[in-house]
Every structure is written in structure tokens, then in C-alpha cells.
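Those protein sequences? They're chains A and B, same order as listed. Numbered per the numbering used here, the first sequence spans residues 4 to 375. Numbered per the numbering used here, the second sequence spans residues -15 to 230.
Derived from the structure by calculation, the hints contain no laboratory data. Just to be clear, a hint being listed does not mean it is correct.
Stated by the list, open to error - Derived BS3-like pairs: lysine-lysine, alpha-carbon spacing no greater than 30 Å straight-line:
#, chain 1, residue 1, chain 2, residue 2
1, A, K211, B, K104
2, B, K8, A, K211
3, B, K113, A, K224
4, A, K223, B, K113
5, B, K(-2), A, K223
6, A, K135, A, K86
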Amino acid sequence: MNKITNHQLYRLITAHFAEIIREPAVIFWGVVFPILMAWGLGIAFTQKGEVHLKLAIVKVIANQNTMGETKLAGFMAANGVKKDSSYTIDLKNEKLGNVSLAFFETSWPNAYTMLKKGKVSMIIEDGPAGVKYHFDPANAEAKSAYQLVSNLYEYGPTFYAANQSGIEPLTMKGTRYVDFLIPGLLAMGIMMACSWGISYTIIDRRSKKLLRRMVATPMKKSNFLLALITARFSMNVAEAVLLFLFAWIYFGTKVQGSWPALIVLFLAGNIAFSGISILISSHTSNPEVGNGIINALVTPMMVVSGVFFSYHNFPDWTIPLIRYLPLTMIADSFRSIFNEGAGFMDVWREALVLASVGTISFILGLKIFKWY
Amino acid sequence: MTDLEYIVDVRHVKKSFKDVRAVKGVNLTIKPGEFLALLGPNGAGKTTLVEMIEGIQHPDEGEIFIAGKQWKNHEHELHQMIGLSLQETRFMDKLTAYETMRLFASFYKLDTVRVDEVFKLIGLEEKKKAYVNNLSGGQRQRLALGVALLNKPKILLLDEPTTGLDPNARREIWNILLALKKEQNTSLILTSHYMEEAEFLCDRIVIMDQGSILAEGTLQEILTLGGGHRSLDELFISLTGRHLYE
Ligand SMILES: Nc1ncnc2c1ncn2[C@@H]1O[C@H](COP(=O)(O)OP(=O)(O)OP(=O)(O)O)[C@@H](O)[C@H]1O
Ligand SMILES: [Mg+2]
């Protein structure tokens, strides 16, 4: 009679947990997908070996009497390796990394098409009057291509190899893109898992009249929500551990700061998003509306909170706002613990704010919660 | 409690949703052990009335006493005392029938002994291990009935428990309820669209339309009302000019 397995909290937690793990899609999106994302992005943005830049050259011939060759083309013929209608020039520098420049000779229309499709990052107009570079200065790759090519043209192929003594490449852990990415993915995992796992579940159960059925029994309402949060939290722990293990084994990711601080912050992040999830799902019984509400919460933070790329590229006036978004606080604090060796003293404020936001949202949500 | 005359006493209850007056001043009493059928066309207010008795909805006006108590101050006791099935409930898809029953049993602090008993009672023993979303409609209705019976309720409220079932499945549910009636420990309020169901199971029939009670009594009493009708449908036409069911 008094067996723990007959207790309502135990039964509610196991019921919610069973619902999570018996859905293969949940396992995929919660566990496999973040790992795939870490793997894919980690590889794509970890610069190993050569950089390949592709450029289009458009020759402009003023009249038949000028020299047969235009200037840049002449330079290419002298220094590059010709293959069909393209030249390649390899620039070597151990510290900067080798760069291979490929120049495609083509017509204007074709050059534009290649640029639009991203096959080349710049068009070089090569005429008797000189060289003109057509590119988008906001595109970092095009800009660096411009600098390389203009220097190359001016100083010759040896310029790139010169002057290596002043460069110290950063290869230490904590400065690579994966090191930026993994803490962000962990933070995002908490947000996604709570908002879909808790909010959507509540709204779905309400729409199926299951909430109504359950509260027509002596079930304690708080137990229902507590169980839902607990089941979700255990799953979040599992997802985070698996992602971390992958990053540790595959990329050698390390926690340079304090583990206890990391755990406290993980807890605080879960409290924050569990509370918010209860609040946003407290009223609607329409899953489509719920879908919209969850997306409205999650999508802006996905974009601005710097999960994948630093938010410091956003306008200055937005930065203070962005920094106080829950996802940003979690991601930034995770990063400082992972990469900057931060300890508890560096992140306790964030942890406190997150936990408070969660608790207040939870209490508010419970006040206006519609069980029927 | 046994000396209470009425186990359910609904006094002048009204309920509106925006511009819809769903229940317009209903009085209704049920004696301990009595089986009562609530009949009426779609939108008559049956579900609204039953859910107010269940404490799920709250009347705008009027009072409801269950075993002499009101929902306001006795929520916990009343929840222990009633069993119910809603017109449409989907249990958790990925739980088995057995896990679902155990979950609800835990709310009443009941153990597996009672769970096994109920499975036997509803004849769903071979389906214990099946996921809820793999059960047929009839099996789900039986599961819902089982959940309603877990706590051996004094008052059982079933909102269309046999809608959509084939005649065999319907009869199985009737037999479960008939066995319950013989024990005389339970009062039943059942909403239905089937006259045979009301006739077969219930001591008393209440006909509702547009939020009001039109007629009330045993089947015989109702039919003789207004001069000898052959069926409830005929009576309904004479009362409202419309068919009970299209
Ligand atoms: N939550 C609600 N919001 C608005 N209107 C409602 C609500 N619930 C019920 N109604 C309206 O109240 C009236 C009575 O509905 P109710 O569900 O009680 O009817 P019913 O007799 O159970 O019908 P059925 O046989 O179709 O189940 C209907 O007109 C319905 O549209
Ligand atoms: Mg109804």
C-alpha cells in the first residue's frame, strides 16, 4: 500500500518519462540532432589546411591594337598554373595557413551568375587601364580575397610567405569555433527541450481533455507539474551529458572552469525555462496557437542570443537587451565556464536571475493556469 | 451519509457561455443507488450539467450538493467519492492500458490489487500491455469506464459512455453497469442518445432540451405524460415539435 511505486508523484514522473522516451522522434531531435549539428558545424568552421578562394576574371579589351594580353592576365600567365581557362596560384605560409587562389576567365554575364550562386566571391575586371575589383565589402571572404589579390598583384607571390615571425597562431582549447559552439548548443538544448517538452505537452493534454480528467481526481495539481518538469529535466541531463561526451571525445572540448558552477547554472537554466514554459502554456488549449506561442518565444532567442555566432555584430544599442535574454545568459555563462575558466563567483548573479525568472514565471503561470 | 435522502441535489442551476444559455435553471435530485439517464439532442446542455455536478464547471447561479456537501469547501472529499468519464478524453498515447490504470489508481492511493480487479471487471485483461493509441474505440471506452470505477465511487457520472460503439460492445458496457446496479452501492448519472440504453439501465429518465428539463420520471410515467405516446421520440415531438434525434 505504501510502496513508492504506488505513489502518485512516482507514477506521474514515470508516465511522463515513458511518454518521452517511447517516442523515437524525441530521441532523434533531443539527442542525435544536437550531436549532428555540433559535428557538422564544428567541422565546417574549424579551419584545417588550405583555404580555397575562387575568383572570376573578366577581360576588357579596349581595341585590337593594345597588347594582346591584359595586365593581370599577363601576371597570371607568368606566375600561375594554367588549366583550361583558369589559373591557380598557391600562396604558402605555415602560420597563416596556405591559400589557393583560383581565377576563372569568363564573360560578364557568366561572372555575375557565378557570383550570385556563390561559386566565386569576387569579380576582377581586367582591362588595359588597370584592374577593378567588384565585390561586397560586407562579405568577409570577398574582402580578404581582395586584399590577397591586390597585394599579390603589387608585391608578387612571395609577399604572403614573408614576415611570419610576428604571428602566433591560437590553437589552444577554448579559442576554436567548436569551443564557442558547444556551450551554445547546450544552452539551446535546455530552451528547446523545455519549451516543446513542457509547453507543448501541457497544451496537447489540455486539448485532449486529459488535464480536465486528471484534476477530477484527488491528484495534487502541483504534483502533475512537478512530475512533468522532473521527467523533462532528467531527459535534459541525459541529452546534455551525451552532447558533452561527444564534444569531449571528438573535439577534445574541456571545461576549464568550475564544474559545480556549471551544474548550478545548468539547474538555473532549467528552472528558468521550465517556469517560462509553464507560464506560456498556462492558458491556451489550441495546439496550433501553442505552436505559435512557443515559436514566438524560441525563434528570436535562437537568432539573437549568440548560439551559433556572436551577437556582438548586432547594433550597439541592442547588446544590453540581448545580454539579458535568458538564453543569452545561459550561453554566455556556459562559455565563460567552459572557455575562460570562470568559477562560481563569476556566474552566481546569472544563476540567481535565471532561477528567479523561472520561479516567478512558474508562480504566475500556476495562478492563471487553466486546468479545464 | 446513508440516511441522506438525496446523494445529488441540484438546485436551480444556471450556466451561460457568452451568449449561449447552456443550462437555464435546472433542479434535479438523485437518491442513493438510483440510476438516472439524461437524454436530449445535441447542445441540450447535458455535458454542461454533468460537468457542473463533477465540479469541473461552476454554475453561474444555483447550488449543487453532493452527499450534502458543496464543491467549494469539500473538493478533496468529493473527488474521492465520485467516478466519471468525460464525453471525450484521450489518455496518454504512449502509455499502456495497465500503466494508465495504475497512474489513476495512484491518485486514489490504490495498489495493483484494485487495478487487477478493475481490469477483470471491464474484461480488458488481454489488453493490459497494449499502448492506449493501439486500442480500439470500444476498448478505450472500457478503459475510461475502468478508470471511473477504480475508487468504487458512490456516484458515477458517465457522459455518453457508449457513443460510437457497435451493439455488442455497447451491451458489454451495459452488463458491467448492470452488475454494479445489483450491488446497490452506486448512483449513476448517464447521458445518452440511446433510448434503449436509458430503458435498459436506468430507474429514471430526464429529458433535456435547450438547457431545461422537459420531462422526468420512469419511462412509463414519461410516456403517459400528455396522453400516451409510444416512444420518447413521439413524446419529444409533442413537446417541442422536433424530433429527439435527426
Ligand atoms: N466551453 C463552452 N464555450 C461556449 N459554449 C459552450 C461551451 N460548452 C458548451 N457550450 C454550449 O452550451 C450548449 C450546451 O452544450 P453541451 O455540451 O452541454 O450539450 P450536450 O447536451 O452535452 O450536447 P451533445 O449531445 O452534443 O454532447 C451548446 O450550445 C454548446 O455550444
Ligand atoms: Mg455532451
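Practice problem: Could you grab the alpha-carbon distance between B/K(-2) and A/K223 and see if it respects the 30 Å cut-off? | Solution: Since the Cα atoms of B/K(-2) and A/K223 sit roughly 29 Å apart, the hinted pair holds (cutoff 30 Å).
Practice problem: For the pair we were handed, A/K135 and A/K86, check the Cα-Cα distance against 30 Å. | Solution: holds (23 Å)
Quiz item: Between A/K223 and B/K113, is the straight-line Cα distance small enough, at 30 Å or below?
Solution: The hint holds at about 27 Å.
Quiz item: Does B/K113 pair with A/K224 here, judged by a C-alpha cut-off of 30 Å?
Solution: holds (27 Å)
Practice problem: Would you mind confirming whether the straight-line C-alpha gap from A/K211 to B/K104 stays at or under 30 Å? | Solution: Roughly 27 Å between the alpha carbons, so the hint for A/K211 and B/K104 holds.
Quiz item: Holds or violated: B/K8 with A/K211, Cα cutoff 30 Å?
Solution: holds (28 Å)
No hint from the list above goes unmet by this structure.
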